[in-house]
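Trainee: Those sequence lines, one after another, are chains A and B.
Take the first sequence: its letter number 104 is residue 104 in my numbering, and every next letter is one higher.
Take the second sequence: its letter number 20 is residue 20 in my numbering, and every next letter is one higher.
Rather than coming from a laboratory, the hints here were simulated on the basis of the structure.
Careful: at least some of the hints might be erroneous.
The list cannot tell twin chains apart, which means a pair is met if one copy fits it or any two copies do.
As a list, the in silico DMTMM-like pairs of lysine to aspartate or glutamate whose alpha-carbon atoms are at most 20 Å apart [said to hold, decoys possible]:
1. K70 x D40
2. K70 x E22
3. K111 x E63
4. K27 x E114
5. K11 x D121
6. K57 x E108
7. K123 x D40
8. K111 x D8
9. K70 x D8
10. K70 x E108
11. K27 x E73
12. K27 x D8
13. K123 x E108
14. K11 x E114
Listed below, chain by chain, are the residues.
There are 2 protein chains.
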Amino acid sequence: MSTEFQLDFNKTGGMIPAVVQEHGTGKILMLGFMTQEAFDKTVATGNVTFFSRSQNKLWTKGESSGHVLKLRELLVDCDLDSVVCIADQLGPGTCHEGYWSCFFRRVEGGKLVEVEPQTFDPKAVYPAKEAK
Amino acid sequence: MSTEFQLDFNKTGGMIPAVVQEHGTGKILMLGFMTQEAFDKTVATGNVTFFSRSQNKLWTKGESSGHVLKLRELLVDCDLDSVVCIADQLGPGTCHEGYWSCFFRRVEGGKLVEVEPQTFDPKAVYPAKEAK
C-alpha cells in the first residue's frame, strides 16, 4: 500500500501491537501484532488482519471461525509504533475461549476474576489446534 | 508481588503490551510495554508504570510531567500476554506531543489526519530529551 507515512516496525521484531476496540461500545476486544503486510491487508480488505506469532503467518481474524472484525477506523499513535483498529465484531465473540472480549478477567487481590459471561461455546466453533 | 497467575513475558523479550484506556470515556490513551517489575509496581502503587524501551528502565507515566495515570481496573487477556489498564488521567493529556491521547491521528486515504485538538503545549511541560 502506498502511504505518506511509515510505521516503525523496528522496535518489536518487524511488528507493531494493534489494539482492536469495538465501535459503539468502546470495549477493547483483543490485542494482536501486525507486520507491514498485515497492516496493508487490513486497510485493503477492511478485515482486521494480524501476523500470528505462534503460526508465523498472516492471520485474518475470523478466517476459520467467521468472527471477522470489520474495520471502521484506524488510529496511529505519536511514535508510529502502535495502532488502534476501531471495528465491528461479526459473530458472538472475539475470544477463542468463548467470550466477547479477550480481556474477560480482572486482577483482584492477586487473582484473576472473570468479569464477563461466556457468549458462545468455543468447542462448537474452533476445531482443536486450528487457527483462531 | 505474589499472584496466583503468571503472565507470559516470553513472547516479546520479557515484556507485554499494556493498553491504557480512560475510565469513563473508554478512550484509548496510549500503549506501552511492561516487564514483570513494571506490572508489579503498577499494581502496588496504582500509578501506571511501563518499561521504557528507549531508556531501558522503569518509567512511571507522569514522573516528569505530572500527567500520572491512576489505575482503576486491570484486565488480563486469555493468553496472559497483554493487559488493559483502565485509568484516570491526571493532567491535560497523555501524549508527549500535547494531545489527550497518543492516538490522535487517523489513517485516511494513505495519509495521517489529526482528529483531536492539542490540549497543551508540550514545550511547556517536557524539557528537551527528558523522560515523558
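Trainee: If a hint holds in the structure, say so; if it doesn't, say that too.
Mentor: Results of checking the hints against the structure:
1. K70 x D40: Answer is within: at 14 Å inside a copy they meet the 20 Å cutoff, but 35 Å across does not.
2. K70 x E22: Intra 10 Å, inter 23 Å, cutoff 20 Å: intra-copy only.
3. K111 x E63: neither (33 Å within a copy, 28 Å between copies)
4. K27 x E114: Within. Shortest intra-copy distance 16 Å satisfies the 20 Å Cα cut-off; inter-copy 23 Å does not.
5. K11 x D121: neither (37 Å within a copy, 27 Å between copies)
6. K57 x E108: This pair counts as neither: shortest intra-copy Cα distance 35 Å, inter-copy 27 Å.
7. K123 x D40: Intra 32 Å, inter 34 Å, cutoff 20 Å: neither.
8. K111 x D8: For K111 and D8, the Cα distance is within 20 Å only across copies (15 Å; inside one copy 35 Å).
9. K70 x D8: Close neither inside one copy (24 Å) nor across copies (28 Å); limit 20 Å.
10. K70 x E108: between (33 Å within a copy, 16 Å between copies)
11. K27 x E73: Both, since 14 Å and 14 Å are each at most 20 Å.
12. K27 x D8: neither (26 Å within a copy, 23 Å between copies)
13. K123 x E108: neither (28 Å within a copy, 39 Å between copies)
14. K11 x E114: neither (33 Å within a copy, 24 Å between copies)
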